[in-house]
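So you can see what is in the structure, the chains are spelled out below.
2 protein chains.
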Amino acid sequence: MASPCLSFFFISLLLTTIAEASHCSIKGLPLVRNITELPQNDYGRGGLSHITVAGSVIHGMREVEVWLQTFAPGSGTPIHRHSCEEVFVVLKGSGTLYLASSSHEKYPGQPQEFKIYANSTFHVPVNDAHQVQNTNEHEDLQMLVILSRPPVKVFIYEDWFMPHIAAKLKFPYYWDEQCLQTPPKDEL
Amino acid sequence: MASPCLSFFFISLLLTTIAEASHCSIKGLPLVRNITELPQNDYGRGGLSHITVAGSVIHGMREVEVWLQTFAPGSGTPIHRHSCEEVFVVLKGSGTLYLASSSHEKYPGQPQEFKIYANSTFHVPVNDAHQVQNTNEHEDLQMLVILSRPPVKVFIYEDWFMPHIAAKLKFPYYWDEQCLQTPPKDEL
Ligand SMILES: [Zn+2]
Ligand SMILES: [Zn+2]
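Read top to bottom, the protein sequences are chains A and B.
Residue numbers for the first sequence, in my numbering: 1 to 188.
Residue numbers for the second sequence, in my numbering: 1 to 188.
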């Protein structure tokens, strides 16, 4: 017979595995979910609160993904690009969109700046480098973010003059990391 | 020389054509748009206020489409199905989702009912017949609606026991009708 200590270890491991499984699968989740009760985390990115509202990895979405993101003053996304469509709907606060549009050069280059406010909507053309920042010192910036072709494959730039080919692939993305270790299940 | 009356006619026609073109094309629209200033209409459906936030036909979206819809008490969507993913985010009010899930029969059949509230989110599986209604007598129901594979091709049922093969294709859908008469432009 195993020692009580070892049994405890295996039971812990079992419970952890069950918790991971339910966290990473739609199974057992109700069809109608309250967004305010969904898991939220900064995923190691200061000033961020990210909630996957409808996700590829967690909810089995295949064609669209929806996030609710809140950025504290001064925080924002990295400079990045992805080969999917992205639509933003600003729910609260204000900030700045930086967009290196029609970036046919070897690097994104100096971006155009656009002020964004509550009720603003905009979309980012496929593969254009962009960044969204909360440039309002006094208020959180909250947005619904909608993407096609999930799970998202993001290329991150350190600055606007980093060559496209030097941009670093971050996949799985921060919030997909925990659950994308296991191969996605073929659910029907 | 043409008569003044005829000149007036041609100028009117020209102005109408320009107005239609700008209404049906992203050209001239700013990148960041204020949702409260976008065109809204009931498109002949009583109790509805529909705004295309990011659309295939108007904004050149190819993979996702976003609508803001507000339903007065007692109003709602038709019973319908479509072969795309759809995510709802309820912003205000409350109502009922009717969903005939796993409808492998010849007709949708009696749907399951789910109460929905502000901050509710849910998605409708591809091709499942569904209907969303504002069943709250006192308040508007407002939702962001996200769809893949735009422009949407909707099959409409008169009731839950109408055979799938009798459901009527409505394409272009109500809000795409005006602008989908002209073939979609190949924009880059
Ligand atoms: Zn992005
Ligand atoms: Zn639908």
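Honestly, the hints are just simulated from the structure, not real lab data.
Here the structure is a predicted model, which is why all the values come from computation and not from measurement.
Among these hints, one or two may not hold up.
Going by beta-carbon spacing under 7 Å, a handful of chain A positions derived as facing chain B [claimed, not checked]:
no.	residue
1	27
2	29
3	31
4	35
5	40
6	48
7	51
8	85
9	94
10	98
11	114
12	131
13	145
14	146
15	156
From the three backbone atoms N, C-alpha and C, an ideal C-beta is built for every residue, glycine too.
Taking each numbered hint in turn, which are not upheld by the structure, reported in ascending numerical order? The structure breaks hints 1, 2, 5, 6, 7, 9, 10, 12, 13 and 15; every other hint is satisfied.
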